[in-house]
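Numbers 1 to 549, taken from full-length UniProt numbering, label the letters of the sequence shown in order.
Take the hints with a grain of salt, since some may be wrong.
Unchecked claim - Dumping the calculated DSSO-like pairs for lysine-lysine here, alpha-carbon to alpha-carbon at most 27 Å: (1) 377 / 443; (2) 443 / 360; (3) 317 / 360; (4) 345 / 317; (5) 345 / 323; (6) 443 / 323; (7) 377 / 360; (8) 360 / 178; (9) 345 / 360; (10) 443 / 345; (11) 377 / 317; (12) 207 / 377; (13) 443 / 476; (14) 178 / 207; (15) 473 / 443; (16) 360 / 482; (17) 482 / 443; (18) 360 / 323; (19) 317 / 476; (20) 345 / 377.
If you're looking for bench data, these hints aren't it; they were derived computationally from the structure.
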Amino acid sequence: MDRQPPPPLITMEAMLHMMAIHGVGAEMLNPATDLMYDFVHSLLPFPPVSAAASLSAISSSPGGGSEDRLSAHPDAILRDVVSRLPAKDAARTAVLSSRWRPLWRSAPLVLVDAHLLQSAGGEDSPLRAGSGSGSITAAVSRVLEAHRGPFRCVNLTRSSMGAHRAELALWLGLLAVKGVEEFVFVNRPWPLDFPLPTTIFSLASVKRLYLGAWGFPNTSVLPRGTAFPHLLELGLGCIAMEDRDLNFLLARSPILQTLVVYASQTCVNLRIISRSLRCVQLCMCRVHDVSVVDAPRLERLLLWNVTNKEKVRTRVKFGHAPKLRSVGYLMPGVHVLEIGNTIIKAETRASPTTIVPSVKTLALELEVHFGVRNEAKMIPCFLRCFPNIETLHIKSEETDQPAGKLNQKFMKETSSIECVQSHIREMIFHEYHGERSELAFLKFILGNAQVLQHMVILFVEGSLSSGDNAVAKLIKDLSSVKRASENCRLVILESPNSRGGSCWSRQVASDLDLADPFYCCCRTQHDLYVSWSKLALSASSVLCSSNCF
Numbered sequence: 001m002d003r004q005p006p007p008p009l010i011t012m013e014a015m016l017h018m019m020a021i022h023g024v025g026a027e028m029l030n031p032a033t034d035l036m037y038d039f040v041h042s043l044l045p046f047p048p049v050s051a052a053a054s055l056s057a058i059s060s061s062p063g064g065g066s067e068d069r070l071s072a073h074p075d076a077i078l079r080d081v082v083s084r085l086p087a088k089d090a091a092r093t094a095v096l097s098s099r100w101r102p103l104w105r106s107a108p109l110v111l112v113d114a115h116l117l118q119s120a121g122g123e124d125s126p127l128r129a130g131s132g133s134g135s136i137t138a139a140v141s142r143v144l145e146a147h148r149g150p151f152r153c154v155n156l157t158r159s160s161m162g163a164h165r166a167e168l169a170l171w172l173g174l175l176a177v178k179g180v181e182e183f184v185f186v187n188r189p190w191p192l193d194f195p196l197p198t199t200i201f202s203l204a205s206v207k208r209l210y211l212g213a214w215g216f217p218n219t220s221v222l223p224r225g226t227a228f229p230h231l232l233e234l235g236l237g238c239i240a241m242e243d244r245d246l247n248f249l250l251a252r253s254p255i256l257q258t259l260v261v262y263a264s265q266t267c268v269n270l271r272i273i274s275r276s277l278r279c280v281q282l283c284m285c286r287v288h289d290v291s292v293v294d295a296p297r298l299e300r301l302l303l304w305n306v307t308n309k310e311k312v313r314t315r316v317k318f319g320h321a322p323k324l325r326s327v328g329y330l331m332p333g334v335h336v337l338e339i340g341n342t343i344i345k346a347e348t349r350a351s352p353t354t355i356v357p358s359v360k361t362l363a364l365e366l367e368v369h370f371g372v373r374n375e376a377k378m379i380p381c382f383l384r385c386f387p388n389i390e391t392l393h394i395k396s397e398e399t400d401q402p403a404g405k406l407n408q409k410f411m412k413e414t415s416s417i418e419c420v421q422s423h424i425r426e427m428i429f430h431e432y433h434g435e436r437s438e439l440a441f442l443k444f445i446l447g448n449a450q451v452l453q454h455m456v457i458l459f460v461e462g463s464l465s466s467g468d469n470a471v472a473k474l475i476k477d478l479s480s481v482k483r484a485s486e487n488c489r490l491v492i493l494e495s496p497n498s499r500g501g502s503c504w505s506r507q508v509a510s511d512l513d514l515a516d517p518f519y520c521c522c523r524t525q526h527d528l529y530v531s532w533s534k535l536a537l538s539a540s541s542v543l544c545s546s547n548c549f
């Protein structure tokens with residue numbers, strides 16, 4: 001078999017050359033890189049400990065008794081105490097007494113390289129492309145060598161590994177031997193796609209793994225028995241990888257429950273074949289194809305800003321996924337929906353072979369004007385494919401396309417949709433701009449959703465304080481609709497998201513204890529329910545509040 005040489009790495013010089021070809025100034029490189037790293041950092045899991053509070057000894061007052069009761073506890077309890085401290089404070093427990101001295105070396109340690117920064121605010125300071133990392137790298141090496149393991153969590157986001165290849169090999173080797181349960185490892189440029197050693201697959205004990213800004217190892221040359229036998233959660237951010245790498249990871253992670261891929265350096269083609277996966281997130285990725293082939297436990301398929309910059313549209317295919325409950329954000333006119341072997345088109349009729357009956361929560365992203373006619377035509381088609389949805393989220397996205405409209409013919413055709421007539425209980429319209437097509441859609445839902453209980457409209461940020469009476473106009477327009485549900489409650493709020501800002505939370509969307517992953521646009525799902533219960537009025541009234549959050 002011919003082996004092709006690996007492509008050249010994306011160095012700073014290579015990136016600057018690419019930018020020059022496309023007419024982008026060199027001064028944009030660092031801000032763009034910083035923005036990318038900020039995004040990667042925002043999607044990482046929070047470390048289980050914080051260095052915000054310092055560890056200090058409190059001397060006993062005279063006559064108050066100075067008996068050391070804590071040290072009398074069994075070793076297992078004391079190790080648990082040490083494992084809940086930042087690495088620096090955990091090491092300092094050795095000076096408390098001879099009883100504590102050996103404990104930190106055997107306690108499941110939490111190592112966060114940001115905690116090792118000496119400067120104030122180091123833990124929360126953002127990642128920056130040009131920051132030095134030599135002292136942090138040396139400190140991490142000392143801790144990994146001194147501690148016998150295992151490590152409860154290792155969170156490394158501050159080192160440029162392209163300049164520390166020896167340390168990279170050392171760290172992965174030590175973690176493979178000593179054991180680590182949670183590992184977050186983000187490289188700092190440059191190169192942007194610096195190759196991650198295959199030693200990463202030696203971390204057999206890892207349960208939660210997040211990797212950022214790497215070139216993925218060539219999985220085709222790995223031994224047959226390579227696997228992550230205990231891996232439950234996997235996050236891949238700004239990774240350069242091949243399709244076979246994702247397939248390999250799914251096949252070699254037998255109990256994996258959550259997969260998150262965000263800001264991939266390469267185009268993603270994902271075939272979901274897994275007996276264990278429950279949640280899949282693709283965020284800010286260029287995607288050709290997402291196929292749910294065989295996923296008997298899959299509950300969530302979440303796509304945020306998933307498009308294809310090429311002229312070919314992104315295919316989203318549904319196969320065997322009997323427990324699938326939440327899907328979105330689907331983009332009519334941008335995503336091609338395929339169910340079984342049927343490509344959904346405007347003229348496709350609902351039938352047992354063209355529906356996904358298990359889905360209860362659906363999210364659609366529409367251009368603010370619903371301006372592209374193909375998009376408007378596909379909205380009812382998408383809704384027909386999910387006949388049993390009870391919660392519908394609509395996100396209106398700004399566009400420079402010419403304005404279109406949803407006319408009476410559209411509304412008449414759409415009235416035959418089963419989910420609208422018989423199942424939708426909650427409808428949340430995100431980023432409402434007041435366009436004609438948006439209003440027409442709201443009127444359609446109010447006029448046809450017979451079991452609708454709650455309709456929440458989140459105006460785009462700044463709308464309710466602009467003084468243009470947007471709410472009064474909306475109330476007047478909606479009052480003309482004969483509502484299909486007498487029990488519908490309507491709440492009008494202002495979106496908490498800044499214009500153009502992110503409304504996605506990887507943490508919320510991955511929390512399977514929350515019934516609806518799309519409430520991440522609000523502070524919490526609880527806040528929205530409080531708003532409904534405290535603020536919503538009867539179907540004949542409308543309450544407007546811009547300060548509910």
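Cross-check of the supplied hints:
no., hint, result
1, 377 / 443, "holds (17 Å)"
2, 443 / 360, "holds (22 Å)"
3, 317 / 360, "holds (18 Å)"
4, 345 / 317, "holds (13 Å)"
5, 345 / 323, "holds (25 Å)"
6, 443 / 323, "violated (32 Å)"
7, 377 / 360, "holds (23 Å)"
8, 360 / 178, "violated (44 Å)"
9, 345 / 360, "holds (22 Å)"
10, 443 / 345, "holds (25 Å)"
11, 377 / 317, "holds (19 Å)"
12, 207 / 377, "violated (44 Å)"
13, 443 / 476, "holds (12 Å)"
14, 178 / 207, "holds (14 Å)"
15, 473 / 443, "holds (13 Å)"
16, 360 / 482, "holds (26 Å)"
17, 482 / 443, "holds (9 Å)"
18, 360 / 323, "holds (10 Å)"
19, 317 / 476, "violated (41 Å)"
20, 345 / 377, "holds (9 Å)"
In the structure shown, a violation is registered for the earlier hints numbered 6, 8, 12 and 19, in ascending order.
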